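Visitor: This is what each chain is made of:
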Amino acid sequence: MFKNIIHNKMTVVGFSIVIVIVAIGILSPFIITADPMEMDLYNVAAPASDEHIWGTDELGRDIFSRVISGARTSLVIAIVVVGIGTVLGTLIGAVSGYLGGLTDSLLMKVMDILMAFPTILLALFFVTIFDPGLYSAIIGVGLSSVPRFARLVRGSVMSIKEKEYVEAQRSAGERKISILFRHILPNCIGPIIVQATLTMGNSIITVAGLGFLGLGVDPGVPEWGAMLSDARSYLASKPAICIYPGAAIALAVLGFNLLGDGLRDALDVRQE
Amino acid sequence: MRYLVRKILSLVVVLFFASIICFLIIHFIPGDPAQAMAGPGVSAEDVEKIRVSMGLDRPLVEQYITWMGDIITKGDFGESLINQEAIGPLMAERFANTLILSFCGIFFAIIIGIPFGIVSAIKQNSFIDLATMGFSILGVSMPIFWISLILILIFSVNLGIFPATGSGTVMHLVLPTIAIGLNSLAVIARMTRSSMLEVLRQDYIRTADAKGMPYSTVILKHALKNAMIPIITTIGIQFGYLLGGAVLTETVFVYPGIGRLLVNSITRRDYTTIQGCMLVITGLFVILNTIIDLLYHYFDPRIKKA
Numbered sequence: 009m010f011k012n013i014i015h016n017k018m019t020v021v022g023f024s025i026v027i028v029i030v031a032i033g034i035l036s037p038f039i040i041t042a043d044p045m046e047m048d049l050y051n052v053a054a055p056a057s058d059e060h061i062w063g064t065d066e067l068g069r070d071i072f073s074r075v076i077s078g079a080r081t082s083l084v085i086a087i088v089v090v091g092i093g094t095v096l097g098t099l100i101g102a103v104s105g106y107l108g109g110l111t112d113s114l115l116m117k118v119m120d121i122l123m124a125f126p127t128i129l130l131a132l133f134f135v136t137i138f139d140p141g142l143y144s145a146i147i148g149v150g151l152s153s154v155p156r157f158a159r160l161v162r163g164s165v166m167s168i169k170e171k172e173y174v175e176a177q178r179s180a181g182e183r184k185i186s187i188l189f190r191h192i193l194p195n196c197i198g199p200i201i202v203q204a205t206l207t208m209g210n211s212i213i214t215v216a217g218l219g220f221l222g223l224g225v226d227p228g229v230p231e232w233g234a235m236l237s238d239a240r241s242y243l244a245s246k247p248a249i250c251i252y253p254g255a256a257i258a259l260a261v262l263g264f265n266l267l268g269d270g271l272r273d274a275l276d277v278r279q280e
Numbered sequence: 323m324r325y326l327v328r329k330i331l332s333l334v335v336v337l338f339f340a341s342i343i344c345f346l347i348i349h350f351i352p353g354d355p356a357q358a359m360a361g362p363g364v365s366a367e368d369v370e371k372i373r374v375s376m377g378l379d380r381p382l383v384e385q386y387i388t389w390m391g392d393i394i395t396k397g398d399f400g401e402s403l404i405n406q407e408a409i410g411p412l413m414a415e416r417f418a419n420t421l422i423l424s425f426c427g428i429f430f431a432i433i434i435g436i437p438f439g440i441v442s443a444i445k446q447n448s449f450i451d452l453a454t455m456g457f458s459i460l461g462v463s464m465p466i467f468w469i470s471l472i473l474i475l476i477f478s479v480n481l482g483i484f485p486a487t488g489s490g491t492v493m494h495l496v497l498p499t500i501a502i503g504l505n506s507l508a509v510i511a512r513m514t515r516s517s518m519l520e521v522l523r524q525d526y527i528r529t530a531d532a533k534g535m536p537y538s539t540v541i542l543k544h545a546l547k548n549a550m551i552p553i554i555t556t557i558g559i560q561f562g563y564l565l566g567g568a569v570l571t572e573t574v575f576v577y578p579g580i581g582r583l584l585v586n587s588i589t590r591r592d593y594t595t596i597q598g599c600m601l602v603i604t605g606l607f608v609i610l611n612t613i614i615d616l617l618y619h620y621f622d623p624r625i626k627k628a
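Protein chains in written order, with the numbering used here: chain A, 9 to 280; chain B, 323 to 628.
Mixed in with the good hints there might be a few duds.
Within a straight-line C-alpha distance of at most 20 Å, the following computed SDA-like cross-link-like pairs (lysine to any residue) qualify [said to hold, decoys possible]:
(1) B:K329 - A:E182
(2) A:K117 - B:D451
(3) A:K17 - B:Q446
(4) A:K117 - B:T612
(5) B:K329 - A:K169
(6) A:K117 - B:L610
(7) A:K117 - B:L346
(8) A:K169 - A:L107
(9) A:K117 - B:Q446
(10) A:K17 - B:L326
(11) A:K117 - B:V335
(12) A:K117 - B:I609
(13) A:K17 - B:D451
(14) A:K117 - B:S448
(15) A:K117 - B:R528
(16) A:K17 - B:S448
(17) A:K169 - A:E182
(18) B:K329 - A:D120
Derived Cβ-Cβ restraints for the label pairs, each shown as a range [unchecked claim]:
(19) A:N195 - B:F425: 40 to 48 Å
(20) B:G534 - A:I27: 39 to 47 Å
(21) A:N51 - B:G605: 48 to 56 Å
No lab work stands behind these hints: they were computed from the structure.
Because the structure is a prediction, the values reported are computed rather than measured.
Where a beta carbon is used, it is the ideal one built from N, C-alpha and C, also for glycine.
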């Protein structure tokens, strides 16, 4: 397996990007050169200088420090989103696939209804109900990732539960729940990891989109999408404010997408 | 045929529940729906007036039937909470604009994406192939709103060729079309390439080629025709994504579509308009997905979908 992963150059590139972004996310307080929240109204939209290597934004905040801190914001949000999707989706998919019958039909219908809403629309739905903010964004994007996990796990569980070794456990009198968690689910881990990696990339883009619409994180918090939105009016006079946060989003998403694609090939996972 | 009936039944069920969810938005908001609709700082008397005029004092089921009934029979989505304008006609106009933009976007993605995908497949590992693949990987990673800003920066601010915002002329459509279509272009090019590679390996292609047929005929008539199934499905799925992307693109370019109407309504807490926009976008999205499933089934009956 690891031979396969190393074999593919693009996967290595993706993996390296992810490592760098995660490292930046963890170490951001040590990398930044200024307080990302601190405004300096005498030094608004300043060009790059020794003090501010990428210049300052429309409120005089250091762009470099804000982009670096943004990595942590985006990663934390994406991890929570993927957590919601993985846990809920795996549970629903496992129960659905293992029990079958009416439970399966009902749960899958609920998933169909959830999938009726495009991701950003579901997020906007929660923004409408609970007011714009971090939690609405996380719940919306997280819930919209659940059906994909559920369908994936359901499919794997359905094929694995017919295998002989599961049959053996069943005839040995092991309890259903223990068969499911100890013998079936561990064998579905490959597809789940691939889906989780790809969902990381998608969540980063969607959450940044909400931030861009002004419906994401609270004002002032260094978040890439919101930074791009604030920078819009300075597009002509100071394009740098728009370039860096966008490039950061693209790089992070690229990393997770390449890694996800590579893992899919390495783990030999089929996708719908 | 049985598949068709089952799919349409399923469509109706999903649409029904989705419409209930859209309807319930007002009731999901923590607190009193009439108060939420009235907004802050309104007297208790006025809140009561709104409760009665909006029918919020009646049972939920009755409210839903009235709301949905008016929409189905009269195309009446109610009135905006902000300016008491009828939502239906406004939404129809905005929705038409969004459809124009989406069609332009998907058309742009198809006419560029498919040829590049074909050339990549024929000349595998050539410069064009590597460039197309590199672009298709980058293309899906770039957020649509960032692409939009960069397009404005290059073509409006620096070169001054296209207007940055607004609508009304063909020139206004160019940048939003590229912005909204670029992600799909990347996906379609990649899908075309891998589907063509798969087909080109088949024996009948070698036979056709060996018969001395012109290579262009082999590629376009024999190979592409058989490679189209997954490409058409991809196009359908991408068209669905465009509807979500429209929310962002329309906001950047200040384009009067339904996505921008929705975002503006959310910031203004215009709940009746939000309900209408959500219902229309979701409805189209669900219908579209059903059509894709049916097409897929039609083109390749071997696929048995659970």
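Visitor: All the hints need checking, so say for each whether the structure fits it.
Guide: Quick rundown of the hints versus the structure:
no., hint, result
1, B:K329 - A:E182, "violated (39 Å)"
2, A:K117 - B:D451, "violated (42 Å)"
3, A:K17 - B:Q446, "holds (17 Å)"
4, A:K117 - B:T612, "holds (14 Å)"
5, B:K329 - A:K169, "violated (28 Å)"
6, A:K117 - B:L610, "holds (18 Å)"
7, A:K117 - B:L346, "holds (19 Å)"
8, A:K169 - A:L107, "holds (10 Å)"
9, A:K117 - B:Q446, "violated (43 Å)"
10, A:K17 - B:L326, "violated (44 Å)"
11, A:K117 - B:V335, "holds (9 Å)"
12, A:K117 - B:I609, "holds (16 Å)"
13, A:K17 - B:D451, "holds (17 Å)"
14, A:K117 - B:S448, "violated (46 Å)"
15, A:K117 - B:R528, "violated (46 Å)"
16, A:K17 - B:S448, "holds (18 Å)"
17, A:K169 - A:E182, "holds (14 Å)"
18, B:K329 - A:D120, "holds (12 Å)"
19, A:N195 - B:F425: 40 to 48 Å, "holds (45 Å)"
20, B:G534 - A:I27: 39 to 47 Å, "violated (54 Å)"
21, A:N51 - B:G605: 48 to 56 Å, "holds (50 Å)"
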